[in-house]
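Number of protein chains: 2
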Amino acid sequence: MTDGPRIAIDAMGGDIGPATIIAGAAAARRKDKALHFYLFGDESLIAPELARHQSLADAVTVHHTTESIASTEKPSQAIRRARTTSMGMAINAVKDGRADAALSAGNTGALMAIAKLALRTMPGIDRPALAALLPTLGDHDLVMLDLGANTECDAQNLVQFAVMGAAYARTVLEIDQPRVKLLNIGTEELKGTGELKEAAAMLREASYLPMRFDGFTEGDQLSRGEVDVVVTDGFSGNIALKTAEGTARFVTDLLRRAFTSSLRSKAGFALSKPALHMLKVHLDPNNHNGAVFLGLNGLVVKSHGSATPKGFANAIKVAASMVRNDITRKIGDDLDEFRAHAFNGEIGGGENAAKPVHGEGEAA
Amino acid sequence: MTDGPRIAIDAMGGDIGPATIIAGAAAARRKDKALHFYLFGDESLIAPELARHQSLADAVTVHHTTESIASTEKPSQAIRRARTTSMGMAINAVKDGRADAALSAGNTGALMAIAKLALRTMPGIDRPALAALLPTLGDHDLVMLDLGANTECDAQNLVQFAVMGAAYARTVLEIDQPRVKLLNIGTEELKGTGELKEAAAMLREASYLPMRFDGFTEGDQLSRGEVDVVVTDGFSGNIALKTAEGTARFVTDLLRRAFTSSLRSKAGFALSKPALHMLKVHLDPNNHNGAVFLGLNGLVVKSHGSATPKGFANAIKVAASMVRNDITRKIGDDLDEFRAHAFNGEIGGGENAAKPVHGEGEAA
Numbered sequence: 106m107t108d109g110p111r112i113a114i115d116a117m118g119g120d121i122g123p124a125t126i127i128a129g130a131a132a133a134r135r136k137d138k139a140l141h142f143y144l145f146g147d148e149s150l151i152a153p154e155l156a157r158h159q160s161l162a163d164a165v166t167v168h169h170t171t172e173s174i175a176s177t178e179k180p181s182q183a184i185r186r187a188r189t190t191s192m193g194m195a196i197n198a199v200k201d202g203r204a205d206a207a208l209s210a211g212n213t214g215a216l217m218a219i220a221k222l223a224l225r226t227m228p229g230i231d232r233p234a235l236a237a238l239l240p241t242l243g244d245h246d247l248v249m250l251d252l253g254a255n256t257e258c259d260a261q262n263l264v265q266f267a268v269m270g271a272a273y274a275r276t277v278l279e280i281d282q283p284r285v286k287l288l289n290i291g292t293e294e295l296k297g298t299g300e301l302k303e304a305a306a307m308l309r310e311a312s313y314l315p316m317r318f319d320g321f322t323e324g325d326q327l328s329r330g331e332v333d334v335v336v337t338d339g340f341s342g343n344i345a346l347k348t349a350e351g352t353a354r355f356v357t358d359l360l361r362r363a364f365t366s367s368l369r370s371k372a373g374f375a376l377s378k379p380a381l382h383m384l385k386v387h388l389d390p391n392n393h394n395g396a397v398f399l400g401l402n403g404l405v406v407k408s409h410g411s412a413t414p415k416g417f418a419n420a421i422k423v424a425a426s427m428v429r430n431d432i433t434r435k436i437g438d439d440l441d442e443f444r445a446h447a448f449n450g451e452i453g454g455g456e457n458a459a460k461p462v463h464g465e466g467e468a469a
Numbered sequence: 106m107t108d109g110p111r112i113a114i115d116a117m118g119g120d121i122g123p124a125t126i127i128a129g130a131a132a133a134r135r136k137d138k139a140l141h142f143y144l145f146g147d148e149s150l151i152a153p154e155l156a157r158h159q160s161l162a163d164a165v166t167v168h169h170t171t172e173s174i175a176s177t178e179k180p181s182q183a184i185r186r187a188r189t190t191s192m193g194m195a196i197n198a199v200k201d202g203r204a205d206a207a208l209s210a211g212n213t214g215a216l217m218a219i220a221k222l223a224l225r226t227m228p229g230i231d232r233p234a235l236a237a238l239l240p241t242l243g244d245h246d247l248v249m250l251d252l253g254a255n256t257e258c259d260a261q262n263l264v265q266f267a268v269m270g271a272a273y274a275r276t277v278l279e280i281d282q283p284r285v286k287l288l289n290i291g292t293e294e295l296k297g298t299g300e301l302k303e304a305a306a307m308l309r310e311a312s313y314l315p316m317r318f319d320g321f322t323e324g325d326q327l328s329r330g331e332v333d334v335v336v337t338d339g340f341s342g343n344i345a346l347k348t349a350e351g352t353a354r355f356v357t358d359l360l361r362r363a364f365t366s367s368l369r370s371k372a373g374f375a376l377s378k379p380a381l382h383m384l385k386v387h388l389d390p391n392n393h394n395g396a397v398f399l400g401l402n403g404l405v406v407k408s409h410g411s412a413t414p415k416g417f418a419n420a421i422k423v424a425a426s427m428v429r430n431d432i433t434r435k436i437g438d439d440l441d442e443f444r445a446h447a448f449n450g451e452i453g454g455g456e457n458a459a460k461p462v463h464g465e466g467e468a469a
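As they're listed, the protein sequences go chains A and B. Numbering-wise, the working numbering comes out as the position in the first sequence, counting from 1, plus 105. Numbering-wise, the working numbering comes out as the position in the second sequence, counting from 1, plus 105.
These aren't lab readings, by the way, just hints derived from the structure by calculation. Note that CB positions come from ideal geometry on N, CA and C, so glycine has one too. Hints may contain errors.
Heads up, incomplete: computed chain A residues facing chain B, CB under 8 Å, no partners named [stated by the list, open to error]: (1) Thr256; (2) Glu257; (3) Thr276; (4) Leu360; (5) Thr413.
With a cut-off of at most 27 Å between alpha-carbon atoms, the simulated BS3-like pairs for lysine-lysine come out as follows [said to hold, decoys possible]: (6) Lys371/A - Lys371/B; (7) Lys136/A - Lys385/A; (8) Lys378/A - Lys415/A; (9) Lys435/B - Lys378/B; (10) Lys221/B - Lys385/B; (11) Lys179/B - Lys200/B; (12) Lys200/A - Lys179/A; (13) Lys385/A - Lys378/B; (14) Lys435/B - Lys200/B; (15) Lys385/A - Lys371/A; (16) Lys378/A - Lys138/B; (17) Lys179/B - Lys138/B; (18) Lys179/B - Lys378/A; (19) Lys138/B - Lys435/B; (20) Lys371/A - Lys221/A; (21) Lys422/B - Lys200/B; (22) Lys371/B - Lys138/B; (23) Lys200/A - Lys435/A; (24) Lys378/A - Lys378/B; (25) Lys138/B - Lys385/A; (26) Lys422/B - Lys302/A; (27) Lys422/A - Lys385/A; (28) Lys422/B - Lys371/A; (29) Lys385/A - Lys221/A; (30) Lys179/A - Lys136/A; (31) Lys136/B - Lys415/B; (32) Lys371/A - Lys179/B; (33) Lys302/A - Lys138/B; (34) Lys422/A - Lys136/A; (35) Lys435/B - Lys221/A; (36) Lys302/B - Lys179/A; (37) Lys371/B - Lys385/B; (38) Lys179/B - Lys385/A; (39) Lys422/A - Lys138/A.
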């Protein structure tokens, strides 16, 4: 076993099944020889797949279980039987320090609930959020959260997501003062839900935070490269993410039709093929696969439930990069600093917020 | 004056200003000689623009006012002074029967509030919804609502939107039994907000409705052409619509970059240009401009606030087509029929629902 990142993988999660997951792990291992995988799932399904991938020899430890969390299972039900399931066992490996990150393509709600119960949220954070990097026309990707972990969010949740998203951008995008905006249906102050208006007011006040809060943004501005962190509730975030994926596919499908509509355009397509291949690579959701739960005392990464082997390999790459960046500690350090500056030591006044620390000059 | 559709236009609404609005009206009039416009706004700004467009001679009646609703104005404030504003006067022209439809590119929230107060909702409908046709890969467009009129919606609102959307699809898309789905963050029954689950349960029960309710759909399925009507709250609908617009522009911008990345791809682009032009026409939001408020006793159409003259002309075309289709009466007839079949005559148990009508055989 190497000293590289140890990734605990739910080999049974998602629609994709062990064959795709293990092919993804093999692809990731071919590019990154330092990786070690713990695979949790049905050994009778895993073993034959492992035999097909030379790159996984000596790179895998299998932990057998026939139980897994169904995609239709309620989170409340999933947490009760988590301990003996492939998903729960992968998360427990992180909790016990045997693995550096857990990765699953399974039921997002169950993954969130099990991870939250096993790993607990960081001080000052009430709820973890699912964050991912999305492509833009600018110099770098943008961080967007929450992408579906929390269907409904209050203002405090949104403020905490902003703080975590900014910390993530500081680490992964190496931006000192990330530009942060809240996703809304207009940029005027009076637009949107009460939660959004309240969160905006709180973030406007919080000038001590190492970020530039820039008000509201709209769905059509996301890919312009004019913002580093976009904060939203998990429902809207998921709708936006999936609509963007669907629209990108829609446009490329129309493009394919356009190119095959005449002999002339077919010739044009043949000439343009190398350039269009770059476009395809840029837009393929598999190349952006791997969303991270921020705000937990441990690293959990979510893969798209219908990823290809390449997509799953990309999620492994994200997990390994987070481990090497020591992202959990860095976000924790950022949060500590934020809380030291924040009024009463609270980030958005969350329930889990630390109690105020009295300064030396104060009366006891 | 002709017998054609009479459109009352808020000449001061939106970011675009009278010049773009009047150029749009002129473009619409060139294609449709039966149109007559009532323009509401500042005559000193309108008159010089009118003089520039030959096609508008004898096609326009100007009603002077210097007051207009600002894009930042709260709906509650807007309704108090609506009567003397360009937006309010355009809507009142519909109320008084002087015009067949009102059209504005202005403040959506104010337009909704003023229209609701002046025209009232149809029997059985608590809140109007903003509906538009979106392009798909299928044989026809899809109807999506609400696109931003109602930031928060309860289950009854969503059920009523489904009924109105289906009636709209029956009229405009000529589909007898439209396939209707609720926008959600997953297709499993347990996914989403309480409002969505409740609305789904009510629609599943309502087998008497002339539609096929098909459960939940997700953002990445919208453009596949597998659904005729997509129902959502105004917040998510607006996020989805704008994200789709932004992503389409993002992909076409990437495409432009790809095509100019080498001499070879430039040659390919030159050859493919006619085919790609079709793509551009298909994706240009201006070609889909014009969203309709459904559920009012009168026709009100909303243009994008930053439409081009071509885009504004398209919104006029939508308004004229709704007038010629007699859409308000047809949706009203559909609603009457639905209410006659519905339990207690209520559509989703709305406050405005008609009281039950006793059958002849019943005891008094």
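How the hints compare with the structure:
1. Thr256: 6 Å, holds
2. Glu257: 6 Å, holds
3. Thr276: 26 Å, violated
4. Leu360: 6 Å, holds
5. Thr413: 15 Å, violated
6. Lys371/A - Lys371/B: 14 Å, holds
7. Lys136/A - Lys385/A: Holds - the C-alpha atoms of Lys385/A and Lys136/A are around 21 Å apart, at most 27 Å.
8. Lys378/A - Lys415/A: 21 Å, holds
9. Lys435/B - Lys378/B: This hinted pair is violated, its Cα atoms lying about 42 Å apart.
10. Lys221/B - Lys385/B: Violated: Lys221/B and Lys385/B sit about 36 Å apart, past 27 Å.
11. Lys179/B - Lys200/B: Since the Cα atoms of Lys179/B and Lys200/B sit roughly 22 Å apart, the hinted pair holds (cutoff 27 Å).
12. Lys200/A - Lys179/A: 22 Å, holds
13. Lys385/A - Lys378/B: Holds - the C-alpha atoms of Lys378/B and Lys385/A are around 19 Å apart, at most 27 Å.
14. Lys435/B - Lys200/B: With a Cα-Cα distance of about 18 Å, the restraint between Lys435/B and Lys200/B holds, given a limit of 27 Å.
15. Lys385/A - Lys371/A: 17 Å, holds
16. Lys378/A - Lys138/B: 46 Å, violated
17. Lys179/B - Lys138/B: Not OK: Lys179/B and Lys138/B at ~37 Å, beyond 27 Å, violated.
18. Lys179/B - Lys378/A: Not satisfied, since the Cα-Cα distance of roughly 51 Å exceeds 27 Å.
19. Lys138/B - Lys435/B: Roughly 25 Å between the alpha carbons, so the hint for Lys138/B and Lys435/B holds.
20. Lys371/A - Lys221/A: With a Cα-Cα distance of about 52 Å, the restraint between Lys371/A and Lys221/A is violated, given a limit of 27 Å.
21. Lys422/B - Lys200/B: 21 Å, holds
22. Lys371/B - Lys138/B: Answer violated: Lys371/B to Lys138/B is near 42 Å, above 27 Å.
23. Lys200/A - Lys435/A: It holds: about 18 Å lies between the C-alpha atoms, which stays within 27 Å.
24. Lys378/A - Lys378/B: Measuring from Cα to Cα gives roughly 15 Å; hence the hint holds.
25. Lys138/B - Lys385/A: Given that 27 Å is the threshold and the Cα spacing comes to 45 Å, the pair is violated.
26. Lys422/B - Lys302/A: 36 Å, violated
27. Lys422/A - Lys385/A: Given pair Lys422/A, Lys385/A holds - Cα atoms ~20 Å apart, limit 27 Å.
28. Lys422/B - Lys371/A: With a Cα-Cα distance of about 35 Å, the restraint between Lys422/B and Lys371/A is violated, given a limit of 27 Å.
29. Lys385/A - Lys221/A: At roughly 36 Å apart (the allowed maximum being 27 Å), Lys221/A and Lys385/A break the hint.
30. Lys179/A - Lys136/A: Not satisfied, since the Cα-Cα distance of roughly 37 Å exceeds 27 Å.
31. Lys136/B - Lys415/B: 12 Å, holds
32. Lys371/A - Lys179/B: 53 Å, violated
33. Lys302/A - Lys138/B: 47 Å, violated
34. Lys422/A - Lys136/A: Holds, at roughly 9 Å.
35. Lys435/B - Lys221/A: Violated - the C-alpha atoms of Lys221/A and Lys435/B are around 52 Å apart, more than 27 Å.
36. Lys302/B - Lys179/A: The hint holds at about 14 Å.
37. Lys371/B - Lys385/B: 17 Å, holds
38. Lys179/B - Lys385/A: 44 Å, violated
39. Lys422/A - Lys138/A: 12 Å, holds
Comparing the model with each earlier hint shows violations of hints 3, 5, 9, 10, 16, 17, 18, 20, 22, 25, 26, 28, 29, 30, 32, 33, 35 and 38; every other hint is respected.
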